[in-house]
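Q: The primary structure of each chain is shown beneath.
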Amino acid sequence: MINWSTHLLTEFFTAVNAAEGEMVAITNAVERATEMVEAEVGAVVREGKVLGAYGFGPAVPEARLLAVAAGETLLDVIGIGEMYAVASPLGGEQADALIVGRLDEPFGAEERQMLQGMAQVLGLGLRSIRVLAAERHLRAEKERQATSAQTGQRLVESLLTIQRAISARRPLPEILDAVTGGASELLGGATVALLLAEGGPDRRLTVASTCGGEDGEPLHEAAARAAMASGSVLVRPDSTGTVIATPVRVTGEMAGCLVAHLPGGTDQHSEEADQLAAFAQQVSLALTDARTVEAVREAHHDPVTGLPNRALFLKILNRVLASRGTSIDPTSVLFIDLDRFKAVNDSLGHEAGDQLLALVARRLRGCVRASDTTARLGGDEFAAILHDSPMEAATLVGERVVAAIKEPFRVAGREIFIGASVGVAISREEFEESEALLHNADVAMYRAKKDGPNRVLVYEPYMHAEALDHLSLRGDLQRALREGEFRLQYQPLIRLADGAPAGVEALIRWHSPTRGFVSPVDFIPIAEEFGLIVDIGQWVLETSAQQVARWRREFPDLALNVNVSGHQLMHPRFADNVMRALAIAGLPSSAVTLELTESVLMSEPDLGKAALHTLRGLGVQLSIDDFGTGYSSLAYLRELPVDELKIDRAFIARAELTGEDLALVRTIVELAQILGLRTVAEGIENAAQLTALRRLGCGYGQGYHLCRPTDAEELPSRLLTQLVENRAG
Amino acid sequence: MQSIPHRWFGAGQSSAADSAKAGAEAVAEAVGGREPKAVLVFCSVAHDLRALLAGVRAEAGPDAAVIGCTTMGELGNSGMTTGGVSVAALGGDGFTVHTRAAHISESDPRASGAAVAEALRGLHDDHKVLLLLCDGLTGHPHDIVRGAYSSVGAVVPLVGGFSADDRKFERTYQFYGDEVLTNSVVGLALGSDGPIGIGIAHGWRRVEPPMIVTKSQGAHIYQLDDEPALDVLLRRNNFVGTAEEFFDNGRQLQPLGLSRRNGEDIRVIHQGDDEERTVWGTADIPQGALVWLMEADRQALLDGATWSCTEALARLDGLAPLGVIAFDCAGRRAGLVEGGMDEEITVLRQALNGAPFAGFYTGGEIARVRGASGLHHLTLVTLALA
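In the order they appear, the protein sequences are chains A and B. Numbering-wise (my numbering), the first sequence opens with residue 1 and increments by one. Numbering-wise (my numbering), the second sequence opens with residue 1 and increments by one.
If you are wondering where the hints come from, they were derived from the structure by calculation, not from laboratory data. Treat each hint with caution, since some may be false.
Partial pick of chain B residues on the chain A-facing surface, computed with a CB cut under 8 Å [unchecked claim]: (1) Arg7; (2) His124; (3) Arg236; (4) Asn238; (5) Phe239; (6) Ala289.
The calculated label-pair distances, taken between Cβ atoms and stated as ranges, are [said to hold, decoys possible]: (7) A:Gly48 - B:Arg298: 42 to 48 Å; (8) A:Ser232 - B:Glu179: 55 to 61 Å; (9) A:Glu20 - B:Thr346: 30 to 36 Å; (10) A:Glu20 - B:Arg206: 43 to 49 Å; (11) B:Arg50 - A:Gln94: 45 to 51 Å; (12) B:Arg50 - A:Gly81: 41 to 47 Å; (13) B:Glu106 - A:Gly48: 50 to 56 Å; (14) B:Ala320 - A:Gly108: 35 to 41 Å; (15) A:Thr73 - B:Arg235: 46 to 52 Å; (16) B:Glu179 - A:Gly188: 58 to 64 Å; (17) A:Thr73 - B:Glu106: 54 to 60 Å; (18) B:Arg121 - A:Gly108: 36 to 42 Å; (19) B:Glu106 - A:Thr266: 54 to 60 Å; (20) A:Glu381 - B:Ala320: 40 to 46 Å.
C-beta: ideal position from N, C-alpha, C; glycine also.
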């Protein structure tokens with residue numbers, strides 16, 4: 001969208017400049033101005049007389065036009081009706097004005113500004129015609145005429161150059177330099193500076209562009225401020241010549257000043273003042289245009305990343321789909337969702353989150369061709385349109401995206417590791433809805449995410465049903481939390497040395513009235529995805545803490561293990577939430593161990609560290625769940641306040657453990673002993689496994705062979721049985 | 001005895017080769033035995049114009065005001081013709097008709113528009129319109145229309161078209177009574193006690209990016225974006241060849257849109273010079289203007305036709321149209337070649353619900369209802385009478 005009024009001014013200028021006599025200039029100006037704003041009538045009031053009246057027919061309402069020149073904003077004309085009228089001063093000393101009147105709607109700010117510019121251009125033209133006429137009788141007539149005509153032509157050319165730069169959307173500094181450069185050249189190499197007012201109460205003036213001066217030359221700030229305060233051109237002498245200051249407005253507001261310094265006295269420079277005013281007008285238009293562009297950009301672009309937003313993305317996609325000849329040249333859409341972005345945002349703050357998004361956007365752009373479109377759809381979701389990309393090519397780009405996002409980002413002085421899941425949808429049919437295509441890519445992305453981070457999947461129709469289910473699952477989860485459909489089971493942790501129960505691990509269970517039993521493996525990731533996990537986790541913590549506090553009256557040393565999601569850990573109030581739950585339950589913090597999976601700790605080594613140290617300082621213990629399945633780096637064991645390692649069930653899954661299995665478990669146990677950590681073996685299902693682990697020196701165990709997860713009401717009797725059996729054993 | 005309607009409108013066409021016969025046939029069909037107050041004649045420059053006007057007069061009767069002009073094609077209910085005649089006739093006590101003609105002076109083209117506007121003098125009917133038929137090759141179409149508007153003002157709407165000479169661009173003619181004029185404007189001030197509606201629509205759209213007219217004079221464009229204008233047009237159209245080949249075989253008429261508050265002011269470029277690398281049309285293109293190439297597909301043009309008719313009829317205060325005079329740009333014809341013309345006529349018939357219509361393919365259209373500018377290009381202007 002190009003600002004329609006911007007370039008009309010040059011067109012107008014050319015028409016007025018071509019006139020040789022005052023009346024022709026006025027007629028041309030009135031007609032062009034009237035047509036350009038689609039007004040019905042126009043006129044000029046000059047020295048108290050109405051000239052060039054246009055559109056009134058035979059009866060010109062002179063008195064009413066004079067009233068408009070004096071400030072009246074409505075113009076009632078017999079036979080036409082009441083019109084909106086605007087009078088724009090021609091500059092100079094008289095109250096001369098260019099007037100237009102329109103029936104259908106009032107004049108907007110932009111139109112008024114353009115009319116203002118036109119009036120100034122006309123005033124400039126009329127004054128130079130008059131000067132020219134007066135000087136015709138002088139000796140140097142011919143020479144003078146030639147010079148003046150030349151100056152006029154140079155002014156037009158210079159304005160045209162600036163006009164082109166504005167229309168071509170050249171960078172603003174370049175346009176402003178063209179203005180000061182052009183003005184300086186026209187004024188015989190005078191110093192010309194553009195001062196723009198900054199925002200804020202003191203409206204400091206800064207030099208936006210300058211030409212022809214030497215460093216250290218005074219800025220003539222006083223003159224600029226005076227011109228801005230009066231809103232009109234100011235010509236004042238100084239010690240070395242004359243300062244001309246012409247105010248610059250942007251949609252009516254005072255925005256700055258164009259200042260020139262010329263040699264000689266003030267009486268020689270009235271024409272130069274007019275010319276400088278014409279350049280100031282160009283600055284106004286360039287700034288107005290830039291602001292309009294910015295507004296349009298804001299409406300269509302995401303301010304954080306500078307990428308097109310969802311609305312623009314869909315528009316572009318629509319256009320691409322519509323212009324496509326056949327399905328021979330398929331268009332692919334990638335839907336990119338970041339993994340673990342929310343955690344960064346929650347723990348490091350929105351500013352860091354925004355920085356990360358901007359960096360992601362840059363990497364995304366690097367993964368596609370220049371002709372392809374990338375967009376930020378919202379939150380941590382991005383998308384890309386790939387032209388003429390069959391499935392293989394699109395998948396390759398998707399993999400490139402995943403690889404690029406996997407590389408660490410440096411934000412707020414830290415290394416951040418995130419991932420991306422990518423869904424790909426390819427237009428197959430001749431007529432494809434942009435929304436539908438994007439939705440399919442979205443569905444494929446969900447499916448990819450479900451399989452784990454950093455995957456790329458191409459949409460298949462069956463995914464749609466899955467996605468629907470996925471969405472309804474979210475609704476069901478919200479209801480489950482609200483309606484109290486969750487409950488807890490408890491599985492004892494048994495001290496292998498004597499078989500005594502040392503603690504219980506709280507395990508969440510969901511029996512949905514519509515779905516039946518839903519495994520945590522299925523619903524926890526979705527709760528995490530939709531941000532429900534913090535509330536669910538808190539419920540688990542509060543409920544189990546209260547339960548264990550009650551049991552501790554009978555079993556005073558009973559401890560509680562609770563699983564914590566990475567999403568909870570990143571929550572800024574995590575430590576507070578934990579301590580509050582324990583305080584309400586009356587459970588000592590030393591009785592609580594939080595279990596975190598190795599992959600969560602590894603993927604965000606920095607995130608949540610502070611919270612864990614706070615909690616550790618308050619006595620809460622930390623356990624690494626599924627130990628041994630994650631990365632091989634063990635550095636974090638030194639850095640984090642870990643108390644316990646839970647050996648993943650994968651190591652002891654075989655009914656009869658092989659020598660190799662045993663060697664691995666022994667390594668872990670020995671490592672834990674060196675670091676002074678407890679070890680818990682998970683998934684003990686038979687006596688052989690129990691014996692082997694006990695022999696290896698593993699401290700604690702869990703598993704069906706020892707005790708199944710049990711409802712709260714049955715647990716005390718189980719614990720008693722366990723104690724009794726072991727005493728017996 | 002047949003009763004004479006208070007206001008009537010008729011249309012007729014002829015493809016007869018004999019000019020006198022063609023004129024007489026078309027008028028007879030339009031008049032249908034009634035006594036016309038005004039007869040508008042649109043015909044090909046290929047006819048013997050004096051003989052044709054004699055045929056018109058014979059059927060129209062001695063008192064009818066006759067105006068008309070040569071065309072780039074004629075249109076009416078029976079279809080579109082090239083080399084034919086199309087006639088609109090109106091009469092009845094409800095209509096008042098005054099006519100004027102003026103020569104277009106090279107030094108003061110505005111005066112012709114203002115002079116013809118004098119036809120409105122003494123016209124006191126409730127509803128008025130000034131219809132102008134102007135020579136399309138003077139190079140000053142804006143000035144003529146501005147001249148008329150400066151005299152008439154916003155009180156009375158303007159409609160009309162610019163005459164053409166098929167596709168020769170050599171000399172076009174205007175008819176005023178029994179005279180054949182050239183380089184002239186003829187005006188018909190029409191008063192009516194029934195409503196008058198005017199419709200304006202095109203159907204063209206911009207092709208990005210825009211260009212700046214960096215050098216132009218009158219209707220000649222020398223440079224676009226500092227580059228020879230012909231080179232730019234050929235490149236933007238992916239055309240390799242001479243200017244003549246481009247305008248004859250490639251793109252007969254190249255529309256350029258000037259940026260305006262509510263869209264574009266369209267100019268038609270129809271010729272170029274291989275030596276100078278310049279291009280030109282029939283109306284001035286101001287230096288410094290920002291222009292777009294314009295494009296249209298057939299459907300958009302047809303929709304434009306429907307819209308123009310709908311708009312004109314909507315202004316008839318709910319009355320059924322007696323008939324419509326259409327000023328259709330020849331450039332639209334170029335965009336509707338190969339069967340599209342028939343489609344357009346079908347669209348007009350449907351949109352006008354069977355009401356009679358007559359008109360011609362122009363070298364520029366005139367319509368001013370709102371605002372001050374009345375000159376259009378590539379537009380269908382319809383004048384509906386009720």
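Q: Hint by hint, which ones does this structure get wrong, listed from lowest number up?
A: Those not satisfied are hints 1, 2, 3, 4, 5, 7, 9, 10, 11, 13, 17, 19 and 20.
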